[in-house]
Amino acid sequence: MIDVLIIGSGGAGLSAALESKQCGKKVVVLSKTYPTQSQTCQAQGGINGVLQKENSTDTKELHRKDTLQSAHEIGDIDTINYMCENSTQTIQWLDDIGVPFSRDENNNIAQRRLGGASNSRACYSSDYTGLKVLHTFYDNCIKNNIEFIDEHMLLNFIVEDEVIKGITCLDIKTTEVKQILAKSVIVATGGYAGLYNGYTTNSTASTGDSITAALRVGCAVSNMEYIQFHPTSLKGSCILISESARGEGGYLVTKDEERFVDELAARDVVARAILEKIESGDEVFLDLRHLGIEKIKETMPQEYDLALEFCHLKLDQDLIPIMPAAHYTMGGIKTNMYGETNIKNLYAVGECSSNGVHGANRLGGNSLLEIVTFGKLVGKTAIENIDEKAQFVVKEYEKLAEDKEYINNLFELPNTIDFYDIKKDMGKLFYNKVGLFREEEKLKEVLEDIKIWEKQRSQMGISDKSKVYNTNLKEFIEFSNKLELSEAIVVSAIHRKESRGAHYRIDFKEENEKFACETLVVKKDENIIVELS
Amino acid sequence: MATITICEKEYSLDSIENKVDNLLQILNHVKATQNHSLAFRSGCRSGVCGSCAVRVNGVEKLACKSHIKDGDIVEPLKNTEVIKDLVVDLSAQEKFLRESKASLDTKGDEPITIQDEKNIDLQSNCILCNSCFSSCPVYEVNPNFKGPFALTRTYRYVNDKKESNIKDKIDAVQTDGVWDCTLCGNCNMVCPEHIDIKNDIMMLRNKSAQLGYTDPNMANFDSGFDAGMDFGFNPNGF
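Chain order of the listed sequences is A and B.
As numbered in my numbering, residues 1 to 533 make up the first sequence, in order.
As numbered in my numbering, residues 1 to 238 make up the second sequence, in order.
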C-alpha cells in the first residue's frame, strides 16, 4: 500500500515527496504531465527569504508585515507567521540540496526587491528561479528513489466515511481508468488561472482539476474570487515578463513615454492602472532601455530572449508592449496550515490550496516560498498522521466503475457543440467580466452564460474516438472541470460586495469591514453554497 | 495560402487569424479547427517547460518558440517510440538521469562565489526538452547511451563547488557515457538554451582522465601511436 500519494509534480508536490520519503515511507508522485513540465518552472523573479547578512535592514517582522498588508486582513496570521519565521531555513535547505542561487560580491545569496516588498528579499537564480528549484527537486527525487507515475490525470477522490481511500485517474497514454489506493493523498495540482484561456500567463495544464474534484466530495473551497493579474505580460501572447524587470528598475510608460504609476506598488494596483490606460485607448509599454544591455543580460536573460522571440523586440533598445494577464489564483481547497482538509488524510498544498497565506493578494516572491515551506510541512504531517494500526482494505471501489462508465459515455456524446469554441469564449468573457474590474450586473451575466454552457455540455463531446493518447478527451475533461469550477468563482465574486486586494468591484470601490473574512464555498446536491466566515 | 505538413498530413493555413506564424499557436489552431485528434504536448508556451519539442524540417525545435513558413514539415522527435502524432515516449529520461547520478550527493562547506554559480548557470538552465536526445546519432548504435542531457547535467553537478563527492559521478558516466559520444555537436546545434553540451562532455572526459580513466576506444587501438588520429578524445578539452 502506498503511504503517501502525491497528485501533482510541481514544487509543492516534490517538496512534499522529498519530506515524506525521508521517513522511509512509500511515496508515489502522480502527474498529468512529466515532473519538470509543471507551472513552477515559470516562476522567474525569486523566492522570498530573510537572510542573515551584514548591513541588511530586512527582518522577519518586515516580511510578515508586507505579507499581511498584501493579504488585506483576510490572511491567516498563524500560517503567515510560520512561513515568515522559517524562511531563512527554507532558503538554506534549498541551497543545501543544490539550488544554484545567484551570489553577491560577499558570497551571499543575491536578493532583489519585488513589488510590494519593503526590502530586497527575493533570492534568485538569474530569472530562472522556479525552473532551477523544480529541476533540483526532480534530481533529488530521482536520487531518493521516489516513484513517478507520469501522464496520469486525476478524475476523482475515493472517500468512505469522510476518510480518503485513494483516487481514480485516467492513464492518458492508454485511456484506461485506474484506481490507486493510498493511506494518505496530498493534492498539489496548481491553480486555475488556465480558465482565462488566451488571457493568462499560465501553462495550459492549470485547469484546477483537483479543486473541482474536491468540491465533488464535499470539501470546502475558499477565496475563489481572488485571482491575481500580473501587470506585465507580452501584449497578444500573454507571455510573462517577470516582476524582476521592474525590480531591477524598469519603467511602465504610455505611448507618449510618460510614467503613470509606481512600478513597485502591489500587483493589483499596477495591473489596474495599466488596464485603465489600455481601456482609455492608450497603450502601455515596459521600458528597460535605461538599464543597459549588460545589466539586462546579467539579471534577466530569459526576459531578453522572450521579448526577442515573441515580439522581435530588444529590451535594451525597444519599448515592449504589455498587458495584464491572469497569473495566480489565491483561492483553492480550504485547508489549515498543515494542509488538512475536511476529509481525513486528504491534504492540499500550493496554489490549489487556500491555507490563508496570501489572503486577498499574493506578494511577489511568496509563491515559491509557500510551496516549499508548506510542501515540506504537509509531507511531514501526512506521515505523522498515518495510523499504522488502522486496517487499509484493498478492494475495488464503486468509484472506479462509475468513472469507467463516465469516460465511456464521453465517447458517445453527440459533439454537436464544439467545446474548443466555448473554451475560447469563456476565457475572453472571464477576462472582461471577472477580471481586474468587476460589477454585479456583468458577473450575473457570466453566471447565466455558465448555466447555459452547463446545460449544453451533454451536446458537446469529442471527435477523436481513439484510445491512444487522446488529447481531445483530456482537454474535454479539463474543460468540464473548469466549467464546473467557474460557478464557484463567479458566485464568490458576486457575494463579496466590496473591493479588497485583487478583487475590485466598480460598484463597491471601498473595503468594507463586514467582509473582512474568507469566502467559503461548498457544493451540496449539485448546488453551490457560499458563505462568509 | 500556406501549407504545412504535420506528421505526413497537409494542412492549409489560410484561415489563421492575425497572420500568426508561431508553430505552437498553429498546432492549437489546427487542433481546434481542423483535426481534433492531433496529438502534441504543450505547457508554458514560453520555452521553459520543455514539453513541446518537435522536429521542423528535420531539426529539433520547441514549437512555442518556432516560426514556420509555407511548406515546412513538422515531425515528432527521433530515437524513441512515437506514441501518437507528435507525442513520443519520454520514459527513458528518468532512467538516464538516474544512471548518471545527476544530483548533489555530499555537500561541502566551501563558500560559493559569483563565479562559482556562473560556472554552472548555463547547464542548470536545461529544460529537459529532449531535443538533444533526438538529434544524437549515437542512439542508432547504442540505445543505452546516457546521452547529452544526462551527461551535461552530471557535469553541472561535477562542476558544482557544493559537491564534494565527484568520483561517484565520474564512475557513473564511464559505461555508455562520456566515451561513447562522437563529439558531432548536433546537440549543441539544437539546444534551445544554447548549452555547450559537447564541451561539457569533453570536460567530463578531462575529469575522468584526472581520476585515472582512459578512453576505452584508445585502449582497444594498439597501433602504438595516436598522432594525427582523431577518435574524439581530446584531453585538453579544445
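Keep in mind the hints are simulated off the structure, nothing from the lab.
We put the CB at the ideal spot given by N, CA and C, even for glycine.
Just so you know, not all the hints are guaranteed correct.
[Stated by the list, open to error] DEER-style ranges, computed between Cβ atoms: (1) 149(A) to 183(B): 52 to 60 Å; (2) 194(B) to 149(A): 29 to 37 Å; (3) 58(B) to 254(A): 42 to 50 Å; (4) 149(A) to 199(B): 29 to 37 Å.
[As the list claims (entries may be wrong)] Derived list of chain B stretches under chain A, where covered just means 3 residues or more per stretch with a C-beta under 8 Å from a C-beta of chain A: (5) 24 to 38; (6) 92 to 102; (7) 137 to 148; (8) 165 to 179; (9) 205 to 216.
Right, here's what the structure says about each hint:
For the hinted restraint 52 to 60 Å between residue 149(A) and residue 183(B), the CB-CB distance of approximately 37 Å leaves it violated. The given range of 29 to 37 Å is respected by residue 194(B) and residue 149(A), whose C-beta atoms sit roughly 33 Å from each other. Evaluation of the 42 to 50 Å hint for residue 58(B) and residue 254(A) yields a pass: the beta carbon distance comes to about 46 Å. Between residue 149(A) and residue 199(B) the C-beta distance comes to about 36 Å, which sits within the given range of 29 to 37 Å.
Given as covered by chain A, the stretch 24 to 38 of chain B passes the check, having 6 residues with a CB less than 8 Å from a CB of that chain where 3 are the minimum. Remark: the stretch 92 to 102 of chain B is confirmed as covered by chain A, as 6 of its residues place a Cβ nearer than 8 Å to a Cβ of that chain, reaching the required three. Coverage of a stretch by a chain is defined here by at least three residues with a beta carbon nearer than 8 Å to that chain's beta carbons; for the stretch 137 to 148 of chain B and chain A the count is 0, and the condition is violated. With 0 residues having a Cβ less than 8 Å from any Cβ of chain A, the stretch 165 to 179 of chain B misses the three-residue criterion, and the hint is violated.
Here's how the stretch 205 to 216 of chain B fares: 0 of its residues keep a CB closer than 8 Å to some CB of chain A, so the rule of at least three is not met and the hint is violated.
When the structure is compared with the earlier hints, violations turn up for hints 1, 7, 8, 9 and for no others.
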